[in-house]
Amino acid sequence: MRRINGSLIASLALVVTVGALAFPVWSYADRSGTGQANMSASMVNTKWGPLTASDRDLIERVRLAGLWELPAAEMAMKKSNSAAVKEAADHLIVGHEDLDKRVRTVATQMGITLPNQPNAQQQGWLQQMQAAQGDEFDKTWANLLRSAHGKIFPAIGAVRNQTQNTLVRQLASDTNQTVLDHITVLEKTGAVDFDAIANGTI
Amino acid sequence: MRRSKGSVLVALAIAGTLGALAYPVVYSYPNRNAAADAAAAALQGETVTTQWGPLTPADKDLIIRVRLAGLWELPAGQQALERATSPAMKEAANHLIVGHNDLDKRVRIIAAKLGVTLPNQPNADQQGWLDQMTAASDAEYPQVWAQLLRSAHGKIFPAIATVRNQTRNTLVRQLASDANQTVLDHITILEKTGAVDFEEIANGSVSGTASPSGPPPPVPGQLAPSAPAARPSTNPDVQSTPSPTTPGLIPTGRPDPEELNDDQGEPAVAGQ
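Line by line, the protein sequences are chains C and G.
Oh and the first sequence: position 24 is 24 in UniProt numbering, straight run, nothing missing.
Oh and the second sequence: position 264 is 264 in UniProt numbering, straight run, nothing missing.
All the pointers check out, no bait thrown in.
For lysine to aspartate or glutamate, the following EDC-like pairs were computed, each having C-alpha atoms within a straight-line distance of at most 16 Å:
1) G:Lys90 x G:Asp138
2) C:Lys139 x C:Glu87
3) C:Lys139 x C:Glu187
4) C:Lys78 x G:Asp237
5) G:Lys155 x G:Asp197
6) C:Lys79 x G:Asp237
7) C:Lys188 x C:Asp90
8) C:Lys86 x G:Asp237
9) C:Lys151 x C:Glu187
Just so you know, these hints were derived from the structure itself, not from any lab.
If you're wondering where the values come from, they're calculated on a predicted model, not measured in any experiment.
Please take these sequences and the hints and turn them into a complete structure.
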């Protein structure tokens, strides 16, 4: 009786082990976490074409960009003595007012809820800018903004390529043009630390 | 005896199972890290210093990819001028030829300055795409042509953006900005042919890190709360104009590059 129990436990253990080993093979086919599965899982249909999670992510990020970069640009208009920084701030204000209008139109058309406050990280950047004075302000200002624009730039490219939604496609094109302009005009301030951008240390 | 043989088999099977489970932990993981480290080191190691700033392998890769784009897209554009079935397709072919002649000129000047050796033949993939276009029947030609070109432009587009962000080289920075304009123009004009299959593009480009959920999807029939305009709280005196132009048009006008000299290689297509 004891031996039978032992064999039973050993066999059960083997079955469970083999099952556990085989499970991932079975689940690979449509494993959650693969790009394809994620794309389908998060997709909803709209009359402008399918709307994926990365489409919605871009819409939200464009809105958030306006929410923190407009106050950042106004701060530079007041605090900076550099004509190049003020020129960059001018582009940020005009560019993000324009994009914000576009993104609100797109969000309204598709019924997407937009944030109305910058996120915690962006509020932290605004505080860093508030705390900095003189030349230090120009550097902090230009680098925080250049870094944020540089991070979103390839993400816009990816969405522009793979979106199946006509509204998001046009928004991605418009955002690409605006962000490249902002990157360029921020670099013209001469305050951007390219090593830090390349190393991702801002 | 039969029973003890069974126990031996079970014991062996268990030992084998445990061994297989432990193998990746104790043996193969350190090697995996080593491979990643080696790849990172190779990227770091080849960075060279130039008077225009450091030139990384990623910078060189972009220079070569821009050259390669010209080498296959110019013949593809010329082929379509002859076989085009619609004015939109002719228009797209026209943009490809003008855009890649311009970019090719720029990339040859930059490569000569930076000492980067450029290829003079399309790569095997690109030759395969040209063969597919040539072999396509008249009925399927527009789809084959537009899809292959749109797919290639879509893949390089985020890569250009990454280099535009990261490069510390002033020549590469300008090339990336110029390539961004040209490639977005080509993507836009290829889509206007109406022959692009967006679902296939989407399925071919999803990455393993695609967000599983993202921000919440809209609820059908439910209005989203209205979002107030984000605008300056003061009334700053601003002069600039917004960057987006007419939908469907991407501004690609820019000053001509300086003249070529003998060091700058052969044009991608003679006589263009």
